[in-house]
Amino acid sequence: MKVIRVIPCLDVDKGRVVKGVNFVDLRDAGDPVELAAIYDAQGADELVFLDITASSDDRDTTVAMAEAVAEQVYIPFTIGGGIRSVDDARRLLRAGADKVSINSAAVARPELVSEIAAEFGSQCCVVAIDGRRSGEIDTSLGPVPSGFEVYVKGGREATGLDAVEWAAKVVELGAGEILLTSMDRDGTREGFDVEMTRAISEAVDVPVIASGGVGGVSDLAPGVTEGGADAVLAASIFHFGESTVADAKTALSEAGLTVRPA
Amino acid sequence: MSVAVLDYGIGNLRSAQKSLIRAGADAALTADPEVIARADGVVLPGVGAFGACMDALERTGLDVEAKRAAASGRPFLGICVGMQLLFEGSDETPGRSGLGILDGTVGLLPDGVKRPQMQWNKLHLDQPDHALLDGLDEAWMYFVHSYVAPMSEHTIASVDYGGPMCAAVGQDNVWATQFHPEKSADAGRRLLTNWVDHVERSVGDDSGGEEA
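So the sequence lines, in the order shown, correspond to chains A and B. Letter 53 of the first sequence, counting from 1, is numbered 53 in the numbering used here, and no numbers are missing. Letter 36 of the second sequence, counting from 1, is numbered 36 in the numbering used here, and no numbers are missing.
Treat the hints as calculated values from the structure; they're not laboratory data. If a hint is listed, it holds; no wrong ones were tucked in.
Distance windows between CB atoms, simulated: (1) V64(B) with G187(A): 53 to 59 Å; (2) G112(B) with A41(A): 30 to 36 Å; (3) E71(A) with A37(B): 27 to 33 Å; (4) D60(A) with G100(B): 40 to 46 Å.
A virtual CB, placed ideally from N, CA and C, is assigned to each residue, including glycine.
The following block holds chain B by itself, in its conformation from the complex (with noise of 0.2 Å):
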């Protein structure tokens, strides 16, 4: 079962490989529309601001592929600043579109908090039925973001950070995480673990890929 994991030039990524491995697929870093057309499921990760990463993603034509990929219906995992380029924009870089995917524009956090938080959080599930969610009710996860997607009917976890913070979403085939699963020790591996499962399934169900 093969994950392919956007490689556009940013930070470190290759943590995320790696968990993503430890969680049991086949995952590679790669910008090479092919071999993201054949993965059975794709990972958009991203550090830094949302400004340099839609430039680098547009740099690579990975913008392109993205958006192709979460259109597939194939499972689709978004982590971090990678949550943040899905939805329509981004009060960090006013004027930058994002990907569009979901509705909705990502803001700063809050007054009367440090920004960025950075620290680990405990997941309120919103959906505690969610396929990425599973015994995870209470989990500990590594947040560090100063800016954050809008709370919605596709918030499927949430954290108390001066109020209500949306820290998962799931729409559909499009699942993303504000935190770090990669860095977020044993519940971090039972997440990604729970994606790399759904992963499995939809390949077994023959609703994924890419003919799907």
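Same shape as in the complex, but just chain A (with noise of 0.2 Å):
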């Protein structure tokens, strides 16, 4: 049984959840904590919190966070952003972090993965992959068959590599699971790549969770009918109270997929 996952994703900056989170009665927006506590009740199966701290010198703040919500949140939830060695990863997941998504450290040294996976175990090493169609981008780096191509740096930076088969590479190489972002959907409220995400999901027998473009929960289950995803990120929808994440299991199970009830 196929049980797909519904995951809000919030970004962090020194440890505080930033970028407009509204919800009515909270005391606190800032504090990842209470947020976590609130997706956790409303039914979230993972959390995802995305690290957008600048400073390496404030990475700290962000371990404390992991200690703060592991302290009080059991469900399981990912630390992503700025994780350049195996020595960020293991000072994560010993906070209580299931998992660390890795990005542009991934691309810049793809051992990352390896070493990451061999250390403390697939399960907890998630490839953040940040992908745009080449029909908007420049292929002068390299050919890109799939059409997809790998961005990093926020989708500012292209890397001449090919989504798809990237994707393929770092499972080889011991991802556990493959967090794929469309830049070219991302804030645009317009759904997900379903394209981009069914050509991944294809080439890896891992999970893949399809994120960038919801704007509303009739938006996520084409990421797995059509996309092959097995799990949806969002975050605005959540954070602006728009939706709850039982909402969007409503509209997940009306579209006939399994989801664990909210």
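Assemble the dimeric complex from its two separately framed chains, guided by the hints.
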């Protein structure tokens, strides 16, 4: 039985949630623990914290945040952003994170994927891929046969890597899950790039999380039914209180998919 | 009532410890044979690869302590790879012996399903009266694994993942779950509370204890 996970994503800076989280009855909209507990109560299956802390000096606060979340939240959570070494990963996992997600650092040094997988197991090694359609990109760095290219630096910098080939490679290196974000769709509210999601999910045998472009709960199911994803990630629809995780699960379930009831 | 969580230097054991404390146990992460011998209940967690976990257990001498605790009759709970280690071996690390407390070999999840299984799944109770599973019929638990123990007469709960798959075992005092109760929200809390209550009862009966 394939059970689709619904994963709210929170951006954090220096241990505080940023980017317009807007719940009516929230005491402190920046408190990751309080928000995580709300999503847990709504029936979220996992949480992803994306750390956008710029300075590495402030990364201790992210570790402290992981500890605080682990203290009170009893569903799995992933921390991504700024992880450059096995040591960075170790600190977050020891603090209580269940998985770490690596992106640019894996592109810069693919062996990091195997190092983390060897040390802690594939199950906690997520590789985040920010993909963009090559029709709108510069392919001067090399051929991109699938038409989807890997970007880094928040979608600003092309790598010349083919997203489908890259996904297959990181899985071979030991990635246990792929978090795939469409940089063409991110922030547009036009729905997932289901073609790119399909291309990746057919190329790997590990779970794929679809991300980027969700503007409403009706956008979620196509990531699975057309894109072949195993989990769906969204941010703004949950943060602004437009929809709850329970609404998301109802929509998935009405599309004929199995979810853990909220 | 004291619970020893065997700390052999792998991954995130703190979640397991905290969840046991929340369930009412005085739970400590420990590698100290004396503490383990005195504990009313013993938990063997595990993440990562079977072979790497067995290596770490042997390096810390906790393979011996785990076997001793299981043989003592005191309540013993394996979690995730900690469940798999209880068996004779695993296809994940061929040729590497497990603890051999339970019969059988751990095998790869079937073809045609995603490996790892990384999702919540719904329990079917093969032994509905088992004390670990009280109140947990059709409960949802969180799984992360690519290998699994065989279905057997000791399977107490299963899930559907490319066919019936062993989710929990119970053989005498040795109980174990393939899923992570410490990550399974309220349902997981209920399961750990069931186990802690069982430890409490066994202390009361005096049928556990190191002298037993």
